[in-house]
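Could you build all of it, start to finish, from the sequences and the hints given here?
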Amino acid sequence: MNNVDLMGLIALICIWALLMVNQLLVVAGYVYYIKVTKSPAKVLSRYPYISILVPAHNEAKVIVKTVESLLDLNYPSNRYEIIVINDNSSDNSKDLLADVQRRYNDRALSVINTDKNTGGKGKSNALNIGYKQSKGEYIVVYDADNTPERDALRYLVAEIENDNELAVVIGKFRTRNRDVNLLTRFINIETLSFQWMAQAGRWQLFNLCTIPGTNFIIRRDVIDKIGGWDINAVAEDTELSFRIYAMGYKIKFMPLSVTWEQEPQTLKVWFKQRVRWVKGNIYVLIKHLPTLFSVKSHRIKFDMLYFLSIYFVLLGALIISDMLFLLNALGLITMTLASLSILLWMMAIFLFTITVFITLTTEKGEMRISNLFITLLMYFTYCKLWMVVAAYGLVQYLIDIVFKRKTRWYKTERF
Amino acid sequence: MIRRILASILLIAAVIVMPLQNITYADSGQVLLVYNDKEAMEVISNLIKACGKTPVPVDSVEYSSKMMDDYEYVVLQDAAPLKDALQSDKRPLCLGDEFKVIPGAQVETINRKMHAELNVYENTQSIILEQGFSYITEYDGEAVGSISFEGNITPMGVMTDNIMFAPYFSKDDITAFAVAKMVNEYFGLIDGGKMYVMIDEVYPFDDIDMLALTADKFYNSGIPFVMSIMPVYENMDYPSFKKYTNALKYIQSRNGSLIMHEPIMTGNELVGDDIDVRMEKAFKSFEDDGVYIYEETLFPYEVSLDMLAGVQPQNELFISLPIDTIIKFEVFENEAELDAAIETVNSKWLQIGDYNRNFTDNVPVYEENEVDTAFTYREKGERSFAFLVDRGNQVLTVIVLISGFIIIALIVFGYRLYRAKFFKKGRQHE
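Respectively, the protein sequence lines represent chains X and G. Note that our numbering numbers the first sequence so that position 106 is 435, with each residue one more than the last. Note that our numbering numbers the second sequence so that position 415 is 710, with each residue one more than the last.
Each hint should be verified, as a subset may be incorrect.
Stated by the list, open to error - Label pairs and their calculated CB-CB ranges:
hint, chain 1, residue 1, chain 2, residue 2, range
1, X, L335, G, F500, 49 to 59 Å
2, G, I697, X, N403, 40 to 50 Å
3, X, F709, G, T655, 25 to 35 Å
4, G, V690, X, K601, 37 to 47 Å
5, G, I697, X, L701, 17 to 27 Å
6, G, F500, X, V731, 53 to 63 Å
7, X, K601, G, I697, 36 to 46 Å
8, G, E334, X, I698, 49 to 59 Å
No wet-lab data here; the hints were simulated from the structure. From a predicted model like this one, the values you see are computed outputs, not experimental measurements. Cβ coordinates follow ideal geometry from the N, Cα and C atoms, glycine included.
Structure representation (structure tokens):
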């Protein structure tokens, strides 16, 4: 036995422990999905005034479709406004939006055009600008590439109106371009399984959710209390979630509220987007780390631990175990740690595949044999790529700290 | 069209029927052996194998009359199939005291222990007969060997045109030779055999210096010997394997014959190559290093030195044998053990045969293979946290299995929900 073996053993324990946690979340998430499916829809007794904020930066390719789908929501048109923050765009977004405004001049559609002096500081800043102009009792955020389903807003409002403990209700996003290539198929499965089923599981077990960047509703007074979005946060959604937990509120997941968005179609774009997510989440974790030991809310503690375990423990364990395996194979280190049986690893891969597959049964057209094989392929490819992304994001974050570089908000390229 | 179909049916029928018409015996090298005593079955099997045939042991409870049709030779240790054997004109070889009534012979038993003298194939031996010992009182046909006790002389076995019978045989005395003689007669073989000395189950991790010393001492004593080498399937590139093959080459040059021991199945053969592929690899690896190992094609009957100790040649200096026999030793752990074994073989005046001569007249010349002394071994077998990991393996296997069952159950439920939610007529969401 040596230190290398000890590291290997710890890594092994961490990997399996987190696999089991994920397993538990998926089962709980599925139970929540059944509950939501079988329970009757909540009825709205009134229609509170809603402000929909759409931050946009060079989104000419998609912004018109997004605004038009927002104008078509199944909600009284005089009870919501749309505020598009066209943030320091250099494309023709301004003209396109002006044209939409002309066509829908009877609707509450505002466009705030900023330049590099008045804006251009990222999504959080854009949201703060839009928020200042908004009049709604609730604020709803959609990304510029979204196509929400007609009832998406109604579901969100019905949930938040019926429970005063809720500060935020989040919906889910689906992959609009899922059939374009293998990468978008992977992303489609990833969003259904790792994002939404894990969110549902956390809600079912611990009444916990993390705000995504889009398709969520938040109380105006909550934003007032927390002083708006943190403009230094690249992952403004996670940051917002943590501050809401700290106030003692809950964030609920409503899977029937669906928006469709465009996901990266090339590895390069995907890599950049995911590195931004990783760096953003690490920023939030570091920022809130001291509160882990002092904060009153158990929710923030749990979520902090959850994110820490995913971004540091699991990632670290996977990297360490892979590195040890590689170095041992190259003869650079001597490792004598007993190994788990091949049969167990094979069963674990099978379990991973069917666990992901169960989440696909929640969506029409996804329960296909081809998706079973894509999931299996995903285990050996996409999941490994995620490791690279997470490791790269961590290194980049550390470099930013050392050289005091400001993290830039990278806008996902549209197709 | 109908003609074509009929022709096809006839053709298929012909193909099916043709092999049936050609059936004679499954394999004339195979011998049906019906038994009810496993120990006796093993002794008989070894005798049959020593005569170059393959026994097919069948427990008497699994025996069926149909089996009789598949074999030319039938050896019975159980009496039940005797009627079938006689009816099918098999001339069965019946061995043991299960046969109370047998055509052409009368059998009785003794009611107390008594001293007896055995005599077969020019060898004699004194033994004590136990109470209940069965012996032949009257017989037709040819007698094989004799048992003398209290004024009686009775044959060890008898052979008629229809049946062969020996009411008593034991691996611990020369009655086995009488049975061997009858087996030879049964298979139409000529009596006469060689005796070999074998060092059994030689592994690469045995003391190679001791193996070389064994070869030297046997060689210097003029005793040809056989070593039964265990197959090696992996790590043949290790220097220690080269050292091992060098030792085997040296043994060959000292007139040692090497045969490959049959593989011992441990249950791990499920993973990796098929055993035939592994054995082929093992033979090739030895051959590549200049070690020539015979396949185990001869199966001499094993005799012990203790048994031979009581045997006296009647007219000759050496013990005569009807079939090939072998005396087996384990790998000697020290020189004293080795010297004692050689002394015993020499003192018995045993005439030891040279196994190599069955295949070749050449004795290989020793040429040493180069051994990579700079090779560094990885410590194999060391497994840290083995208990923890092995226990974890068990626990995780149970957890994964339970999780798997839960997920599969959810998938089944989910499939119904999926169908009901998305594909129910007239109620399509989305």
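*Quick one: which hint numbers does this structure break? Sort them smallest to largest.*
1, 3
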